[in-house]
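S.K.: Now for the letters of each chain:
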Amino acid sequence: MGLFDSIRSVLGLRAEADATRAADPEDLFGMSTAYLTMEADLGYDHVGAAALCFSSVDSTDFAETLDEVEAILHAGSEETGTTFRRHEDSHGYQWVVLEDNDPEDLVTSIHFAADEFIERGYGSRLLAAVFGFEKPDENVHAYWIYSFRRGAYYPFAPQTGHERNQRVEFKLQSVLDGELGIEDDERYWYPLWPDSRGGHPWD
Amino acid sequence: MEWKPDWGLRGRMALTMFLLFALYIAFVGVLSQIGYTSMLIFVGIFFLAQFFFSDRLALYSMGAKKVSEDEYPQLHAMVGRLCQQADLPKPDVAVAQSRVPNAFATGRSQKSSTVAVTTGLLQTLDQEELEGVMAHELAHVKNRDVMVMTIASFLSTVAFMIVRWGFWFGGGSRREGGAPIIVAILVSLVVWIVSFLLIRALSRYREYSADRGGATITGKPGALASALLTIDGRMDNVPKEDLREQSEMNAFFIIPIRSGFIGKIASTHPSTENRVERLRQLEREMEGF
Chain H
1 MGLFDSIRSV
11 LGLRAEADAT
21 RAADPEDLFG
31 MSTAYLTMEA
41 DLGYDHVGAA
51 ALCFSSVDST
61 DFAETLDEVE
71 AILHAGSEET
81 GTTFRRHEDS
91 HGYQWVVLED
101 NDPEDLVTSI
111 HFAADEFIER
121 GYGSRLLAAV
131 FGFEKPDENV
141 HAYWIYSFRR
151 GAYYPFAPQT
161 GHERNQRVEF
171 KLQSVLDGEL
181 GIEDDERYWY
191 PLWPDSRGGH
201 PWD
Chain C
1 MEWKPDWGLR
11 GRMALTMFLL
21 FALYIAFVGV
31 LSQIGYTSML
41 IFVGIFFLAQ
51 FFFSDRLALY
61 SMGAKKVSED
71 EYPQLHAMVG
81 RLCQQADLPK
91 PDVAVAQSRV
101 PNAFATGRSQ
111 KSSTVAVTTG
121 LLQTLDQEEL
131 EGVMAHELAH
141 VKNRDVMVMT
151 IASFLSTVAF
161 MIVRWGFWFG
171 GGSRREGGAP
181 IIVAILVSLV
191 VWIVSFLLIR
201 ALSRYREYSA
211 DRGGATITGK
221 PGALASALLT
231 IDGRMDNVPK
241 EDLREQSEMN
251 AFFIIPIRSG
261 FIGKIASTHP
271 STENRVERLR
281 QLEREMEGF
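The listed protein sequences derive, respectively, from chains H and C.
Here the first sequence is numbered in this note's numbering, starting from 1 and rising by one per residue.
Here the second sequence is numbered in this note's numbering, starting from 1 and rising by one per residue.
Chain C with its partners taken away, still in its complex shape:
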């Protein structure tokens, strides 16, 4: 199964990560000048805790429960085979009672990961489409996307907290006047806005990567494309309350629930049309075009 590596995607991914890294280095430089290091450590500890509990938090907020092999033998068998193909230890499998068709993967490492699906997804998709979606989630696990995105957004969160709480925290140089705090808040604001956009771009690139990875695992890019189209079509028919409740989980969903005012540039996922187009391209390459 030969298809060309997507150098454009790799390049953009590497560039985004480099820019984010450079931005953060500069930010830490400014912060330590002002004397905000204690805050950095404080938020760091908070973040580490979040990282360790992220899988349970995500499952809890979705109302997803881990299910045994006896309860969902077909689903477990499918995940098992896909993991065998992907060279992964089998993650836990969770199911959420929800009519919204969706799936997500959590876990800080390959060993402690969980893939979750909603009952709506199980009802909506046929076996090959479901396989495509599960393989996409397993590709996220393989690429360690939860860890990468958590690390990528660490200093962005710090910047956000300084923008919000900077005046209360003060800083090491308070006795020299209020100017450094204002500077810190302004710098943080810029860092927060720029890093927000970079993180969202990174998230979109990782979706494309997971699509490619998933298609490689199943060998059927078309099945994932058809699953994306099916899910996207169904998304419009579900009640609004559900959508709002789940909006904070968007970053982990296979297709995010869109709220109208957030533009394309701030979305965590690429548009379904773009993803389907890329999967079609893979399918063409498989046929030797």
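Okay, chain H solo, but in the shape it has when bound:
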């Protein structure tokens, strides 16, 4: 914690300041090459989907921003064939789910959507971008989660019963380290448990 953060804490401003801090998701594009590494070096298939998780704001302007994001994704879908849908999970958080067989298009679309939130002043509402991978024959699901708050990635490998497969997560971390900016403080590796057994976090 820097001196400036300490002063803000003492003045009681830190909670507000940190919660409104804008996101800067330049590192999102690091995912393009990570897709290749995941397939070539680790033997994972991508699930053909990625998603953006955000919490909504009770305001008209935010509703308009959402319409705008949808319009942008709609326009994009005609070019790239990336389909999208909206979803609200059991915790009341919102998702934009993108589906495309080309990982490159997924990363681009996620970036487009995130950019629109940021430009309209809602960058601080973005929670995570989630990229899915699987090994169908071993029944393993693994995700790379990009935290907009931390500006870093972390691996997430859920198992049934709210357990994490730490061996898989450790493996992903060690192989992709250097290629992705990985969150080094594991206390920030927040799980995003799927609502349904065997489903994706965005299902």
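Heads up, a few of these hints could be off.
Rough simulated footprint, nothing fancy, chain C against chain H, three-plus residues with beta-carbon under 8 Å [as the list claims (entries may be wrong)]: (1) 10 to 19; (2) 39 to 46; (3) 106 to 117; (4) 184 to 194.
Computed far set for chain H versus chain C, every beta-carbon distance over 12 Å [as the list claims (entries may be wrong)]: (5) Asp67; (6) Ala71; (7) Ile72; (8) Glu79; (9) Thr83; (10) Arg86; (11) Gly92; (12) Glu99; (13) Ala128; (14) Glu134; (15) Glu179; (16) Gly181; (17) Gly199.
Bear in mind the hints are in silico, worked out from the structure with no lab data behind them.
Quick caveat: nothing in here was measured; it's all calculated off a predicted structure.
C-beta atoms are modelled at their ideal positions from N, C-alpha and C, and glycine is treated no differently.
We have chain H already, so just place chain C on it with the hints.
M.R.: Positioned in the frame of chain H, the structure of chain C alone reads:
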């Protein structure tokens, strides 16, 4: 999400802290003149210990127990998401078996903090309201309110102890007659009264700050306002014994239990009406007014 910074609140907060600081400097000056420094060190050690055990003490006195993710998966998930939004490592979560709907946060740092709720709160509030309350508590953690308030009240406690025990302790200058002890006690009395009021004001300002911080984390000031109103309404219906038992924990509660004789100026929390009014103001600003 754009709303104006509350400069009035920031100004009052800074002024209160400055006044408290100035008062304490003067107080330490007087004490060292009289030769009470040894007492200062003694109370200092006691206070440091209290600071380190404060989280366990608070949880213990509330009868709150830390709960695992298996016991309260929904609550844990909610706190996790809010922390993700607030950029905080996830604190421990504790639950107290009590019908009084309330919540509090403890811990000297972000790393060692705990947020606690009563079963009454879980039963009374809906999901969005509960989120609002938890975000308010996380804002306390973020703003390091336990540490700030502990440091702020350190010398106030010293003053109080001198008022109470000054005659027994004596002082370095006792051989020159009793006058310095009387002076020390009188000075301490003044310092104690003034610092008490300043600390209570500071506590109220930090509540407003935590309300703003919490509303920023959830993006829903209205949900916190409705939670405050719901809790406030329910507070009147609970048995008096519970209220008295818990009165010493008031400073950490989201809404304190009021005892009639303590006036507005001495209360640790602003009135629910004022807090709700400010949250409504945030909501108006979100709509661009």
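S.K.: Against this structure, judge whether each hint is valid.
M.R.: Tested hints:
1. Coverage of a stretch by a chain is defined here by at least three residues with a beta carbon nearer than 8 Å to that chain's beta carbons; for the segment 10 to 19 of chain H and chain C the count is 9, and the condition holds.
2. Figure legend: the segment 39 to 46 of chain H, annotated as covered by chain C; annotation inconsistent (0 residues with Cβ-Cβ distances under 8 Å, at least 3 required).
3. Counting residues of the segment 106 to 117 of chain H whose CB falls under 8 Å from any CB of chain C gives 0; the rule of at least 3 is not met.
4. With 6 residues having a beta carbon nearer than 8 Å to a beta carbon of chain C, the segment 184 to 194 of chain H meets the requirement of three or more and the stated coverage holds.
5. No beta-carbon of chain C comes within 12 Å of the beta-carbon of H/Asp67; the shortest separation is about 17 Å.
6. Distance to chain C confirms H/Ala71 as a non-interface residue, since its nearest Cβ pair spans about 21 Å, more than 12 Å.
7. The beta carbon of H/Ile72 is kept farther than 12 Å from every beta carbon of chain C, the shortest such distance being approximately 20 Å.
8. Non-interface call for H/Glu79 relative to chain C: holds, since the shortest CB-CB distance, roughly 31 Å, exceeds 12 Å.
9. No beta-carbon of chain C comes within 12 Å of the beta-carbon of H/Thr83; the shortest separation is about 26 Å.
10. In this structure H/Arg86 is separated from chain C by more than 12 Å, as the shortest Cβ-Cβ distance comes to about 17 Å.
11. With a least CB separation of 6 Å from chain C, H/Gly92 falls inside the 12 Å interface cut-off, contrary to its annotation.
12. At the 12 Å boundary, the C-beta of H/Glu99 stays outside the reach of chain C, the nearest C-beta of that chain being 24 Å off.
13. Once the 12 Å rule is applied to beta carbons, H/Ala128 is inconsistent with being away from chain C; the minimum gap is 7 Å.
14. Here H/Glu134 stays apart from chain C, with its beta-carbon at least about 23 Å from theirs, past the 12 Å limit.
15. The non-interface label for H/Glu179 is consistent with chain C: the shortest C-beta to C-beta separation is roughly 23 Å, beyond 12 Å.
16. Residue-level check passed: H/Gly181 sits 16 Å from the nearest beta carbon of chain C, beyond 12 Å.
17. At roughly 15 Å, the least C-beta separation between H/Gly199 and chain C is larger than 12 Å, which holds for a residue marked as non-interface.
Checked against the numbered hints above, the structure violates hints 2, 3, 11, 13; every other hint is satisfied.
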